[in-house]
Amino acid sequence: MTDFLAAISDPNLPFFRYAVLTGIFASIPFGMIGTYVVVRRISYIAGAISHCILGGIGAGLYLQNAMGITWFGPLHGAIAVALLASCILALVSLYAKQREDSVIGALWSVGMAIGLLFIARTPGYSDPMSYLFGNILMITRNDLFFVLALDVLVIGIIGIFYNTFLALCFDEEYAQLRGVRTHWLYLLLICLVALTIVLLVRVVGIVMVIALLTLPAAIAGNISRNIMQMMIFSTLFCCAFILTGLGASYSLDLPSGPVIIMIAAATYLLVIIGLNLFRRWRKKPIQPEGKRSLTVQTAIKSRAASKVSLL
Amino acid sequence: MIAEERAIIEVRDLDFNYDQAPVLTDVHLDIWPLDSVCIVGPNGGGKTTLIKLILGLLSPARGSITVFGHKPEEARLRIGYVPQYAHYDPQFPISVRDVVCMGRLSGSFTGRYSKADKEHAMAALAKTGLTDLATRPFASISGGQRQRALIARALASGGEILILDEPTANIDHESEVRFFDLLTELNAAMTILMVTHEVGFASGFFKRIACVNRQVVIHPTSELTGRHIQEMYGGDLKMIRHDHRCSEGGHCHD
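Line by line, the protein sequences give chains A and B.
Reading the first sequence from the start, the letters are residues 0 to 310 in numbering that gives the first Met the number 0.
Reading the second sequence from the start, the letters are residues 0 to 253 in numbering that gives the first Met the number 0.
So here's chain A without its partners, still in its complex pose (with noise of 0.2 angstroms):
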């Protein structure tokens, strides 16, 4: 702990610094779209627009190394490919109903192939690990005001549509009745989500994206009663795993994208267990009164039985 707070203080070693602010503020987006992703359901999107990124890093790095584009880069290519995948998804799932699963799925793998052949034709050494297992050391300055970017928008856009996201993620028919554009706002929540995938690829990794974004949100769903409370503790949770994760990869020495993973999935595993645990407990004292409610059948049988009797 002391040599993590060391390293953090050290002016020798801005990029852990970096790291440290990245953790803190990439969680906000990470709790609050993560929230959104676990209660609509949709995190075999979110793994899909993931892999796709693979296609917008390569696509980055051959134009700027081969073609000598210097302006655009691999955060570049992986925005604009994460929002494109989200504009496919959001069709597909439109127009698609009954194959969005093969959809998906090819547009995954599709997005990595497409990635791994741009890097392959790319002059110089780049390296497909870094990418997919992510690197929280290697931010830089720059993407620290992506972060901050990020953060204005996710907030800015939540809080102006917070209530109808919320029912378009508990009843998108429902919601559309009641004259919501369910359409064009899915099309908004998906490219959110796209654009929190980028930030978390570089975090922990195009791999294990699913894991940072849904983990701590499905832990926070346990003790919320609504969704703005789940966003905070989900918040809060991915911070906490991010520092802690970084700490420990810190000080054991191995890398953080898979240190914070293992531990945001032993904590979902005991919260489960735990809550599990506490239920059981509590429940049976109470396990008469189950037995009351009748279903509607025993119900009139028994009132057309009383009533026969009568007669």
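Treat the hints as calculated values from the structure; they're not laboratory data.
Just so you know, these numbers come straight off a predicted model, no measurement behind them.
One should not assume that every hint holds.
[Unchecked claim] Using C-beta positions, here's what the derived DEER-type ranges look like:
no.: 1; chain 1: B; residue 1: P32; chain 2: A; residue 2: V109; range: 26 to 36 angstroms
no.: 2; chain 1: B; residue 1: R111; chain 2: A; residue 2: A239; range: 29 to 39 angstroms
no.: 3; chain 1: B; residue 1: Q83; chain 2: A; residue 2: Y161; range: 41 to 51 angstroms
no.: 4; chain 1: B; residue 1: R135; chain 2: A; residue 2: F3; range: 39 to 49 angstroms
no.: 5; chain 1: B; residue 1: N42; chain 2: A; residue 2: M128; range: 51 to 61 angstroms
no.: 6; chain 1: B; residue 1: Y17; chain 2: A; residue 2: R278; range: 33 to 43 angstroms
Using N, Cα and C, we set each Cβ at its ideal position, and we do this for glycine too.
We have chain A; now place chain B onto it with these hints.
Relative to the frame of chain A, chain B by itself:
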């Protein structure tokens, strides 16, 4: 029923198919102001499809539907809709009041609720007897209460037609009795359309029964004469006369 009064829902020569398979064919249906119609029929017979067509969530392959003389999509906001509650995620963290507030979403572009919106929602909760449960999580209340919360949501939105999809599916008998008391009260000011698959007896509440099984046939509800059934269930009952053929628009015995 006044003859010169215009039907508020008019379905004419309607066909609907799902991927070539016909679901509804040649449907004619008129729903009148303050009507109360029970839509019955076997599963897969097209009951929910008919309702979704009226709400404008699906569009017909042939024929037309008008609601208050407009296209269904345009008349949507004048219909209160109570969907089957079975499809809700039981773990969704949301309070009863927040569910009911959704009925007021059409008020603004961003979905922000005004003070009046919240008052409407609380009034609807009071009408359905749920005021005390307003802040409780939606997942923690009973099936019957959840059903009433969804009705409150439809009432909060206002409108002249109330459409309910299998509202009695999972509620106990006592709740069902209270439920029909509520419907009777609402029917004084609203037209009521309700889907159910409990074909046998659908309470004496409804004026007409629409049997939906690829085609739609209207039956009047008529008094049940069998004394033994009356004795068994103890109350006024009406049964559906499947032996009785009516004109396409249906007719009424009162």
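Verification of the supplied hints:
Checked against the hint of 26 to 36 angstroms, the pair B/P32 and A/V109 fails, with Cβ atoms roughly 56 angstroms apart. Between B/R111 and A/A239 the CB atoms are about 32 angstroms apart, so this pair conforms to the stated range of 29 to 39 angstroms. For B/Q83 and A/Y161, the Cβ-Cβ distance of about 26 angstroms falls outside the hinted range of 41 to 51 angstroms, so the restraint is violated. Restraint check, B/R135 to A/F3: a C-beta distance of roughly 43 angstroms satisfies the suggested window 39 to 49 angstroms.
The hinted window of 51 to 61 angstroms between B/N42 and A/M128 holds, with their beta carbons roughly 53 angstroms apart. In this structure, B/Y17 and A/R278 meet the distance hint of 33 to 43 angstroms, their C-beta atoms being roughly 42 angstroms apart.
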